[in-house]
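Model the placement of chain B on the given structure of chain A, informed by the hints.
2 protein chains.
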Amino acid sequence: MATTKRRGRRPAGEDTRAAMLAAAREMFAELGYEGATVRAIAERAGVDAAMVNHWFGGKQGLFAQAVLQLPFDPVQLFTHIFESGPVEELGERIVRTFLTRWDESGGGAFAALIRSVAGHEQVAAALRHLFLEQMFTKLAERVSSDQLQFRASLCASQVVGMGMVRYVAKFEPLASAEREEVVAAVAPTLQRYLTGDLDPAG
Amino acid sequence: MATTKRRGRRPAGEDTRAAMLAAAREMFAELGYEGATVRAIAERAGVDAAMVNHWFGGKQGLFAQAVLQLPFDPVQLFTHIFESGPVEELGERIVRTFLTRWDESGGGAFAALIRSVAGHEQVAAALRHLFLEQMFTKLAERVSSDQLQFRASLCASQVVGMGMVRYVAKFEPLASAEREEVVAAVAPTLQRYLTGDLDPAG
Numbered sequence: 001m002a003t004t005k006r007r008g009r010r011p012a013g014e015d016t017r018a019a020m021l022a023a024a025r026e027m028f029a030e031l032g033y034e035g036a037t038v039r040a041i042a043e044r045a046g047v048d049a050a051m052v053n054h055w056f057g058g059k060q061g062l063f064a065q066a067v068l069q070l071p072f073d074p075v076q077l078f079t080h081i082f083e084s085g086p087v088e089e090l091g092e093r094i095v096r097t098f099l100t101r102w103d104e105s106g107g108g109a110f111a112a113l114i115r116s117v118a119g120h121e122q123v124a125a126a127l128r129h130l131f132l133e134q135m136f137t138k139l140a141e142r143v144s145s146d147q148l149q150f151r152a153s154l155c156a157s158q159v160v161g162m163g164m165v166r167y168v169a170k171f172e173p174l175a176s177a178e179r180e181e182v183v184a185a186v187a188p189t190l191q192r193y194l195t196g197d198l199d200p201a202g
Numbered sequence: 001m002a003t004t005k006r007r008g009r010r011p012a013g014e015d016t017r018a019a020m021l022a023a024a025r026e027m028f029a030e031l032g033y034e035g036a037t038v039r040a041i042a043e044r045a046g047v048d049a050a051m052v053n054h055w056f057g058g059k060q061g062l063f064a065q066a067v068l069q070l071p072f073d074p075v076q077l078f079t080h081i082f083e084s085g086p087v088e089e090l091g092e093r094i095v096r097t098f099l100t101r102w103d104e105s106g107g108g109a110f111a112a113l114i115r116s117v118a119g120h121e122q123v124a125a126a127l128r129h130l131f132l133e134q135m136f137t138k139l140a141e142r143v144s145s146d147q148l149q150f151r152a153s154l155c156a157s158q159v160v161g162m163g164m165v166r167y168v169a170k171f172e173p174l175a176s177a178e179r180e181e182v183v184a185a186v187a188p189t190l191q192r193y194l195t196g197d198l199d200p201a202g
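First to last, the sequence lines map onto chains A and B.
Under UniProt numbering, read the first sequence as residues 1 to 202, first letter to last.
Under UniProt numbering, read the second sequence as residues 1 to 202, first letter to last.
The set of hints was computed from the structure by calculation and includes no laboratory data.
Just so we're clear, the structure is a prediction, and the values are computed from it rather than from any experiment.
Among these hints, one or two may not hold up.
SDA-like mimics (lysine to any residue), calculated; alpha carbons at most 20 Å apart, straight line [claimed, not checked]:
1. Lys170/B <-> Thr97/A
2. Lys138/B <-> Glu104/B
3. Lys59/B <-> Gln134/B
4. Lys138/A <-> Gln149/A
5. Lys59/A <-> Ala124/A
6. Lys138/B <-> Glu180/B
7. Lys170/B <-> Tyr33/A
8. Lys170/A <-> Ala18/B
9. Lys170/A <-> Arg115/B
10. Lys138/A <-> Gln122/A
11. Lys170/B <-> Phe136/A
12. Lys138/A <-> Ala112/A
13. Lys138/A <-> Thr79/A
14. Lys170/B <-> Glu104/B
15. Lys138/B <-> Gly57/B
16. Lys170/A <-> Thr137/B
17. Lys138/B <-> Pro173/A
18. Lys170/B <-> Ala124/A
19. Lys59/A <-> Gln69/A
20. Lys170/A <-> Phe150/B
21. Lys59/A <-> Ala18/A
22. Lys170/B <-> Glu180/B
23. Lys170/A <-> Gly32/B
24. Lys170/B <-> Gln122/A
25. Lys170/B <-> Asp48/A
26. Lys170/B <-> Leu68/A
Each pair of labels, with its calculated beta carbon distance range [unchecked claim]:
27. Ser105/A <-> Ser105/B: 30 to 36 Å
28. Glu178/A <-> Leu31/B: 52 to 58 Å
29. Ala22/A <-> Val87/B: 52 to 58 Å
Okay, the calculated bits of chain B under chain A, using three or more residues with CB under 8 Å as the criterion [claimed, not checked]:
30. 29–38
31. 53–64
32. 162–174
The beta carbon of each residue, even a glycine, is placed where N, CA and C say it ideally should be.
Next up, chain A with everything else stripped away, as it sits in the complex:
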């Protein structure tokens, strides 16, 4: 009977959280994003599946923190970005939000993410899944276009590139520019990718 295990052997706290993250890393590595389940991860960590969902907001949040080591929950983040202002300022909110979160971690979280994605096809696949599902779902609620997925992947290219140059390659002056100077320069790019003309010369 798995009931005993699922009822939980550990008290809640940092040890439990660390055990859940360790179990998640192991099982995502063994089974991939699709194959690993919250229930199996909880069982290996010796906690109740409900606790995993409570702490990490489900499998996506657990993956984001355990494997991608994102300093935020991507589901909450996308919800905030998309629902906190008009669609005409979406580009600005995306750039400012990502810069703020990554600046707060000193850029280390972004560099770790890139190493992980560049070194492991499974991580790249899971990030793709996570990102596209979130971004596309939210975008479809606010923007009408037959090229939403192309738009989402163009946005990703500029946001990821901004992170690469600011935190990994550290090209000056972008690496140490004031956040709002970067927002002013990059936001119009995102806004065009989201709602503008994708072939202005065509």
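Positioned in the frame of chain A, the structure of chain B alone reads:
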């Protein structure tokens, strides 16, 4: 006397080229980009320094091929991009040139570059040096602005991000989009970063 060594012990050919690349990788790793010299690399490879310069166009080209494993000589590439058309189409030429070169290598060269940059601060520093020197020098000849370095680093962010999404994270449909569709969408971004208003809302 170093003369004997410098006169070269190996015949020219693929073995010699491989020996030069191996010696370069070792010495760049040991001494960094600034510390390693063409003369010392040639000596370790058992060839004449003139042969290294002839084959790789000097230290930058050697570094680009040995360490960054770029499938092109960045000096020649930037010269071609900047001198083959009007400044108003610079954004388009940059996007098309990088996409073409990386597409030809199946994206593998780009992924290797990113792993190298993300994992080694010395590689990031050398790429910075190489890129900024080339880009900035060429840009200064064609574009008049007091923000040329900020413009160059913004361009880098979009080009690197395009590579990340197309070849490493493989977000669809950008990963398999027709090259010219990507050029049409991304070129206006580069052109604004190079010659346009960097704070259109300000």
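Now the hints, each set against the structure:
In summary, the hint linking Lys170/B to Thr97/A is not supported, as the alpha carbons are separated by about 23 Å, beyond the 20 Å threshold. Using a Cα cut-off of 20 Å, the hinted pair Lys138/B and Glu104/B is violated, with the two alpha carbons roughly 25 Å apart. Simply put, Lys59/B and Gln134/B have alpha-carbon atoms about 13 Å apart, close enough for the 20 Å limit, and the pair holds. The straight-line distance between the Cα atoms of Lys138/A and Gln149/A is roughly 12 Å, inside the 20 Å bound, and the hint therefore holds.
Under the criterion of a C-alpha separation no larger than 20 Å, the hint pairing Lys59/A with Ala124/A is consistent with the structure, at around 16 Å. About 25 Å separates the Cα atoms of Lys138/B and Glu180/B, which puts this hinted pair outside 20 Å; it is violated. Taken as a hint, the Lys170/B and Tyr33/A pair is honoured in the structure, with Cα atoms around 16 Å apart against an allowance of 20 Å. For the suggested pair Lys170/A and Ala18/B, the alpha carbons sit about 31 Å apart, so the restraint of at most 20 Å is broken.
Simply put, Lys170/A and Arg115/B have alpha-carbon atoms about 15 Å apart, close enough for the 20 Å limit, and the pair holds. For the given pair, Lys138/A sits about 24 Å from Gln122/A by alpha-carbon distance, which is inconsistent with the 20 Å threshold. For the proposed pair Lys170/B and Phe136/A, the alpha carbon gap of about 16 Å is at most 20 Å, so the pair holds. For the suggested pair Lys138/A and Ala112/A, the alpha carbons sit about 26 Å apart, so the restraint of at most 20 Å is broken.
Of the pairs offered as hints, the one joining Lys138/A and Thr79/A holds, with about 7 Å between alpha carbons and a cut-off of 20 Å not exceeded. Restraint check for Lys170/B and Glu104/B: the C-alpha separation of about 16 Å stays at or below 20 Å, so the hint holds. Restraint check: the Cα-Cα separation between Lys138/B and Gly57/B comes to about 18 Å, which is no more than 20 Å; the hinted pair holds. For the suggested pair Lys170/A and Thr137/B, the alpha carbons sit about 19 Å apart, so the restraint of at most 20 Å is met.
Distance check on the hinted pair: Lys138/B and Pro173/A sit about 18 Å apart at the alpha-carbon level, within 20 Å; holds. Of the pairs offered as hints, the one joining Lys170/B and Ala124/A holds, with about 8 Å between alpha carbons and a cut-off of 20 Å not exceeded. Of the pairs offered as hints, the one joining Lys59/A and Gln69/A holds, with about 14 Å between alpha carbons and a cut-off of 20 Å not exceeded. Restraint check: the Cα-Cα separation between Lys170/A and Phe150/B comes to about 12 Å, which is no more than 20 Å; the hinted pair holds.
As the CA atoms of Lys59/A and Ala18/A are separated by approximately 16 Å, the hinted pair is consistent with the 20 Å bound. Restraint check: the Cα-Cα separation between Lys170/B and Glu180/B comes to about 18 Å, which is no more than 20 Å; the hinted pair holds. With a C-alpha separation of about 17 Å, the suggested pair Lys170/A and Gly32/B falls inside the 20 Å cut-off, and the hint holds. Annotation: proposed proximity of Lys170/B to Gln122/A holds, straight-line Cα distance about 12 Å (limit 20 Å).
With a CA separation close to 35 Å, the supplied pair Lys170/B and Asp48/A exceeds the 20 Å bound. Under the criterion of a C-alpha separation no larger than 20 Å, the hint pairing Lys170/B with Leu68/A is consistent with the structure, at around 16 Å. In this structure the supplied range 30 to 36 Å holds for Ser105/A paired with Ser105/B, their Cβ-Cβ distance being about 33 Å. Range check, Glu178/A to Leu31/B: about 35 Å between beta-carbon atoms, so the 52 to 58 Å window is missed.
Ala22/A and Val87/B have their C-beta atoms about 55 Å apart, which keeps the hinted 52 to 58 Å range intact. With 0 residues bearing a CB less than 8 Å from a CB of chain A, the region 29–38 of chain B misses the requirement of three and the coverage assertion fails. With a threshold of 8 Å between beta carbons, the proposed coverage of the region 53–64 of chain B by chain A is violated, since 0 of its residues qualify and at least three are required. Closer than 8 Å: that is the beta-carbon criterion, and the region 162–174 of chain B has 11 residues meeting it against chain A, so the requirement of 3 holds.
Comparing the model with each earlier hint shows violations of hints 1, 2, 6, 8, 10, 12, 25, 28, 30 and 31; every other hint is respected.
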